[in-house]
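Visitor: Here's the letter readout for the chains.
Protein chains: 2
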Amino acid sequence: MSDSPKRVFVGPLVQCSIDRHLEVVENAAIEVDKDGFVISVTALDSLPSTEYLKSNNVTILPTGSFLVPGLIDLHYHAPQLPQAGTNLHIPLHDWLTTTTLPLEAKYANTQFAETVFEKVVKRTLGHGTTTAVYFATKHRDSAKILASCCIKAGQRALVGKVCMDNKEMCLCTKESLCTCTETTTESIHETRTFLEEMVSLTKSCNSRVEPVVTPRFVPSCSPHLLTQLGSLSQEFNAHVQSHAWESDWQVEYGEQNRNGRDLDLFQNHNLISKQGTVFAHSVHANDSEIKQLAHHQIGVAHCPLSNAFFANGIMPARLMLEAGVPVGLGTDVGGAWSSSILDSCRQAVTSSRILRDGVGKLRGARNGPCSHPAEINHVDAFWMATVGGGLALKKKIGRIAPGYKFDALVVDVHAPNSNIDSFDSLVDTIETKFQKFVYLGDDRNIRQVYVDGICVLDKQ
Amino acid sequence: MSDSPKRVFVGPLVQCSIDRHLEVVENAAIEVDKDGFVISVTALDSLPSTEYLKSNNVTILPTGSFLVPGLIDLHYHAPQLPQAGTNLHIPLHDWLTTTTLPLEAKYANTQFAETVFEKVVKRTLGHGTTTAVYFATKHRDSAKILASCCIKAGQRALVGKVCMDNKEMCLCTKESLCTCTETTTESIHETRTFLEEMVSLTKSCNSRVEPVVTPRFVPSCSPHLLTQLGSLSQEFNAHVQSHAWESDWQVEYGEQNRNGRDLDLFQNHNLISKQGTVFAHSVHANDSEIKQLAHHQIGVAHCPLSNAFFANGIMPARLMLEAGVPVGLGTDVGGAWSSSILDSCRQAVTSSRILRDGVGKLRGARNGPCSHPAEINHVDAFWMATVGGGLALKKKIGRIAPGYKFDALVVDVHAPNSNIDSFDSLVDTIETKFQKFVYLGDDRNIRQVYVDGICVLDKQ
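Sequence lines, in order, name chains B and R.
25 is the number that our numbering gives to position 25 of the first sequence; each next residue is one higher, with no gaps.
346 is the number that our numbering gives to position 346 of the second sequence; each next residue is one higher, with no gaps.
Among the hints, a few may not be true.
The list treats identical chains as one, so a pair stands whether inside a single copy or across any two.
[Unchecked claim] When the alpha-carbon atoms are kept at most 25 Å apart in a straight line, the in silico SDA-like pairs for lysine to any residue are as follows:
(1) 394 <-> 183
(2) 167 <-> 254
(3) 54 <-> 431
(4) 122 <-> 319
(5) 106 <-> 431
(6) 122 <-> 255
(7) 119 <-> 424
(8) 459 <-> 36
(9) 119 <-> 288
(10) 119 <-> 422
(11) 152 <-> 422
(12) 274 <-> 183
(13) 152 <-> 53
(14) 6 <-> 287
(15) 291 <-> 115
(16) 122 <-> 237
(17) 119 <-> 373
(18) 203 <-> 50
(19) 106 <-> 421
(20) 174 <-> 108
(21) 106 <-> 424
(22) 119 <-> 63
(23) 122 <-> 108
(24) 203 <-> 456
(25) 459 <-> 415
(26) 119 <-> 415
(27) 6 <-> 288
No lab work stands behind these hints: they were computed from the structure.
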């Protein structure tokens, strides 16, 4: 019906099934309703008839392009973009005191926040991140600015005002001049106000942007604050995000100072949200905890690049996936340098191969292969970047299928000046082009970005 | 003197010292003679006088740009570019039989070779590789085409016709139809002819392109072939390259079938060249072998990305560097997907951090930290990409210093559409920009490429 607000996209579709297989539809017709939901996905035998094209609002993909679901970044410290790629060689404590915390303190200035956050959203969207889960800073006004930037750019996002009231964790040179922590009262009050203000701020955007309750991690929050944040999350039906089992140090801190490990502690404080919970890293979750994550469908943000720098180990992605944990990917800027989830895909595969074999037989204590199957491939990685991220957030995103939101990328491996070399005589399947996109692709290969059925970036 | 053929480049210079420190000259004047040699590097207090500018052939770098030495890629399988980024998930044996060897067989066709090799050189040069050490295939004519492509594009290169006569290593479906090996006689004859023909082919190019004697690796070459290749290398004063200690399998093959390990075997066959020898990988060299590599100044091509896939371990880069081994970097396309030495820099740092910590305490045999200091940083990585590569090849390249060739890149972190976010109010030192270039830079940030004093690529 020509007067229908429905739209149809016609072209090749490449995505992952829920059970981690690659699905390729060489010629798909995808119907999308006015609210951005996919109505149907049909495999066509040939291009639609002229009659069909006339009677529908049809977009035919440019030759050589294909559609993939939009990428989901489950863990990004938006204020840290300016430091991305710098000072990763200095020890963690110094990295925090000389680089990260002084930078985060600058977000008391909302103008500074606006300058950076506009760049963050532009950068992630350009890399094909249709949904981002952001840590902001402790500053409520800056967190709201980040939300506004997402709304303005059309990115789906969860934005967290960061909570941290444990003065023991303060690394400022003078505690009296501390810029990195808040009082408990302040943290609770500011979080409540942030959640309230976000209701009206996000009214216009079809729920594409939401607040997420964000205790930084167990060591930086008092038990009282954690309890209050649990209540606020229930009261406002908000998602929860934090760091869990990231490093030896973090796990030991919880065990020694809070008499528990991350999952227990978050559960005790009612911080497992029905809306969805994202634990960043989860490198050192034990087998019983992995079972619990799967049982409660708690999301894990696998951040393989920053893990190499700060986690003292490689997250057993395949073990988690096979256990049924909703694992997605995170870039973890600025603990890692790259804002690209494709870079996370590549490092996830690379790290899994290192985990499989260990780090070498000589000169160390690490002998023999891993005691469980560890290797993942590009399909698993892309599953995490799309399907897994959607499952972690309990949202119908990450796939192009009926009932899902049309969050999608138009990919072109032949884009001008791209980093991919095409040899059509040899590499003529869509599947091989998809592999090259995962391993070699960058923003140059992403021609269009759709969120909620809306084209939010167009490089045509 | 205005009639002098000397040129002067004025601008910031960032590079590594021989002893792996970062050298930053905020305002350098670099004099280069007509043969492309650096005459002098002077730190200026201010911009040169108008008189100086007038009386010399001076190029002033665009504001915000800086010079670095050109990147050196010590290990690149040029014929494998078409498969880069594909089929890395299939087991090694299948990867060879279904992907790599059938692809290499196609280079019997010189037209096909020309199409691919032109793209290879364009790609690597675009990524800032001013010197590349290439494996071609067993086909002499195709190897010559690769050399011609390098000459035409102005890239400094060592090109090897690959030698492999061990029919046991043939993986073709029918030995009678084998396309992946040669007879011993053929291999020796073709190598000699290749070396002879390269003399006239490269006459015009100021020795920028040279042949390199290239036994594929110990398992693929008979002892007789290795001996003959040793003699040819001495006779023609040619470099030698091969793979050494790459994987468990390779090391075991040598021990069980040739009664020795790689270094001993290459030494026994006179395959350590005075001109320079490059062993790709060297992951499993033992402590005494590392000492020998340093003693004989044998170059190692560290290929951290492909090592994650095929090497069963991480090369102890820091241990090698501290022992004095001339370690450079290789991309190892297509065992890895990326043609960018900057990607190798990043993975070298990342893998070194994983080596430092091991792969995790749970579920595996690998406990505790590494038994030696393992972590390298961006300076070490860039040292390998430049200085180390030059030392491995025994050439005066990899630094901008008197007596060295002017092989250099003009880097601009502010390049349009680049992957680097600049925040000049925060990040205003050249050193921080250099860090961002190493971690986030790509071909977009390389404005100009100089080889031998000649501008071979200009994106102005």
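Visitor: How would you label the pair residue 119, residue 288 (within, between, both, or neither) given a Cα cut-off of 25 Å?
Guide: neither (41 Å within a copy, 51 Å between copies)
Visitor: When no copy is specified for residue 459 and residue 415, does a C-alpha distance of 25 Å or less occur within a copy, between copies, both, or neither?
Guide: For residue 459 and residue 415, both the intra-copy (10 Å) and inter-copy (18 Å) Cα distances are at most 25 Å.
Visitor: Indicate which option fits the pair residue 122, residue 237 if close means a Cα-Cα distance not exceeding 25 Å: within, between, both or neither.
Guide: Neither: 28 Å inside a chain and 54 Å across chains, both beyond 25 Å.
Visitor: Cα distance capped at 25 Å. Does residue 119 pair with residue 422 within a copy, between copies, both, or neither?
Guide: For residue 119 and residue 422, the Cα distance is within 25 Å only across copies (10 Å; inside one copy 31 Å).
Visitor: Is the C-alpha distance from residue 106 to residue 424 at most 25 Å within one copy, between copies, in both cases, or in neither?
Guide: between (50 Å within a copy, 15 Å between copies)
Visitor: Within, between, both or neither: how does the pair residue 152, residue 53 come out at a Cα-Cα threshold of 25 Å?
Guide: neither (32 Å within a copy, 49 Å between copies)
Visitor: With identical chains, the pair residue 6 and residue 288 could be close in the same copy or across copies; at 25 Å between alpha carbons, which is it: within, between, both, or neither?
Guide: neither (47 Å within a copy, 71 Å between copies)
Visitor: Please sort residue 459 with residue 36 into within, between, both or neither, judging by C-alpha distance up to 25 Å.
Guide: This pair counts as within: shortest intra-copy Cα distance 21 Å, inter-copy 41 Å.
Visitor: If the cutoff is 25 Å on CA atoms, where do residue 274 and residue 183 land: within, between, both or neither? Let me know, please.
Guide: Answer is neither: 28 Å inside a copy and 68 Å across each miss the 25 Å cutoff.
Visitor: Which holds for residue 106 with residue 421 at a C-alpha limit of 25 Å: within a copy, between copies, both or neither?
Guide: between (42 Å within a copy, 17 Å between copies)
Visitor: How would you classify residue 6 and residue 287 at a CA-CA limit of 25 Å: within, between, both, or neither?
Guide: neither (47 Å within a copy, 68 Å between copies)
Visitor: Have a look at residue 394 and residue 183 and pick one of within, between, both or neither, based on CA distance no larger than 25 Å.
Guide: Result: close neither inside a copy nor across copies, 32 Å intra and 61 Å inter.
Taken one by one, the earlier hints fail for this structure at numbers 1, 3, 4, 6, 9, 12, 13, 14, 15, 16, 17, 18 and 27, listed in ascending order.
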